[in-house]
Amino acid sequence: MINNTLSSYSTSTASIDTDLHSTVTGSQGIRELESRLSQSPNLPISLSSPKIWLVFAAAVFLVSVPVFVEAPLVRSLPSLSLAIAGLWVWLSFTLMSRPATYLWGDLLLGFSWSWLAGAIYWGWLRWEPLWHLPVESIGLPFACWCLMRNWGKVGNWFYLGSLFGTVLTDVYFYLVDLMPYWRQIMQVEPESVAPILQTAVIQVQTPWGQAWAVVLASALLTVGVLPLRHKQRHWYAFSGAVLSTILVDSLFLLAAVLA
Numbered sequence: 461m462i463n464n465t466l467s468s469y470s471t472s473t474a475s476i477d478t479d480l481h482s483t484v485t486g487s488q489g490i491r492e493l494e495s496r497l498s499q500s501p502n503l504p505i506s507l508s509s510p511k512i513w514l515v516f517a518a519a520v521f522l523v524s525v526p527v528f529v530e531a532p533l534v535r536s537l538p539s540l541s542l543a544i545a546g547l548w549v550w551l552s553f554t555l556m557s558r559p560a561t562y563l564w565g566d567l568l569l570g571f572s573w574s575w576l577a578g579a580i581y582w583g584w585l586r587w588e589p590l591w592h593l594p595v596e597s598i599g600l601p602f603a604c605w606c607l608m609r610n611w612g613k614v615g616n617w618f619y620l621g622s623l624f625g626t627v628l629t630d631v632y633f634y635l636v637d638l639m640p641y642w643r644q645i646m647q648v649e650p651e652s653v654a655p656i657l658q659t660a661v662i663q664v665q666t667p668w669g670q671a672w673a674v675v676l677a678s679a680l681l682t683v684g685v686l687p688l689r690h691k692q693r694h695w696y697a698f699s700g701a702v703l704s705t706i707l708v709d710s711l712f713l714l715a716a717v718l719a
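Numbered by the working numbering, the letters in the sequence shown go through residues 461 to 719 in order.
Any given hint could turn out to be false.
[As the list claims (entries may be wrong)] Distance windows between CB atoms, simulated:
{"id": "1", "residue 1": "Ser597", "residue 2": "Thr666", "range": "27 to 35 angstroms"}
{"id": "2", "residue 1": "Asn610", "residue 2": "Ala679", "range": "24 to 32 angstroms"}
{"id": "3", "residue 1": "Pro640", "residue 2": "Phe602", "range": "27 to 35 angstroms"}
{"id": "4", "residue 1": "Leu686", "residue 2": "Leu718", "range": "29 to 37 angstroms"}
{"id": "5", "residue 1": "Thr554", "residue 2": "Val717", "range": "21 to 29 angstroms"}
{"id": "6", "residue 1": "Leu600", "residue 2": "Val717", "range": "32 to 40 angstroms"}
{"id": "7", "residue 1": "Trp550", "residue 2": "Pro667", "range": "43 to 51 angstroms"}
Hints were generated in silico from the structure; no laboratory data involved. Backbone N, C-alpha and C define an ideal beta-carbon position, used for all residues, glycine too.
Sequences and hints are given; from them, build the entire structure.
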């Protein structure tokens, strides 16, 4: 009887140990899975809310702030600006080689295309606005190719959002007939820019100019806000790039009014 009791006790203890081991292993597996999911660019906002908003903020920053840094740099040192594009590419792949920083490397790679296009156009072709969109689209085939293979979604959607904003801005320039002023500004010395800007502002303030400003701003706002419903990082990068176009265009308009 004692032997049977001890045998039952040993069996019960072994069963408990097995259950505990399974529980610990399962907990470790869950933690490992959560860690891997946290690196995914498609992670829902409910699992990584702070980081997804950081992606949005970073996208706004990368569209808004570098405009005011690259613009003066590329006019005086275009070759240096072009070389910096290579630096961004190198840094992006370095960040993407580490799981903890992959997301930011992905975003930076998309930004590299925008910087490269800006360096080429504003450095050597800025006198002709017709070349602006073709040059800005230099990374479009690469972005589409990557997205077809589901690679680099955050950076490539950021680039597409930035390009979309650029397209609508240029469309406005064509519709309101601002391209002649663009050419004049690119050909004169900085001290002679103010009168040209003031004349361009008069063109913008016409009913035609104001109507198209409302239409295109509404389009930017709609295209920028709707993807936020999907709650994924690449859509937040896209939305941040699109919505920041409104900010940049507003700042340029304010500068023109105050000129």
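Hints, verified against the model:
no. : hint                                 : verdict
1   : Ser597 to Thr666: 27 to 35 angstroms : 30 angstroms, holds
2   : Asn610 to Ala679: 24 to 32 angstroms : 28 angstroms, holds
3   : Pro640 to Phe602: 27 to 35 angstroms : 33 angstroms, holds
4   : Leu686 to Leu718: 29 to 37 angstroms : 33 angstroms, holds
5   : Thr554 to Val717: 21 to 29 angstroms : 42 angstroms, violated
6   : Leu600 to Val717: 32 to 40 angstroms : 33 angstroms, holds
7   : Trp550 to Pro667: 43 to 51 angstroms : 49 angstroms, holds
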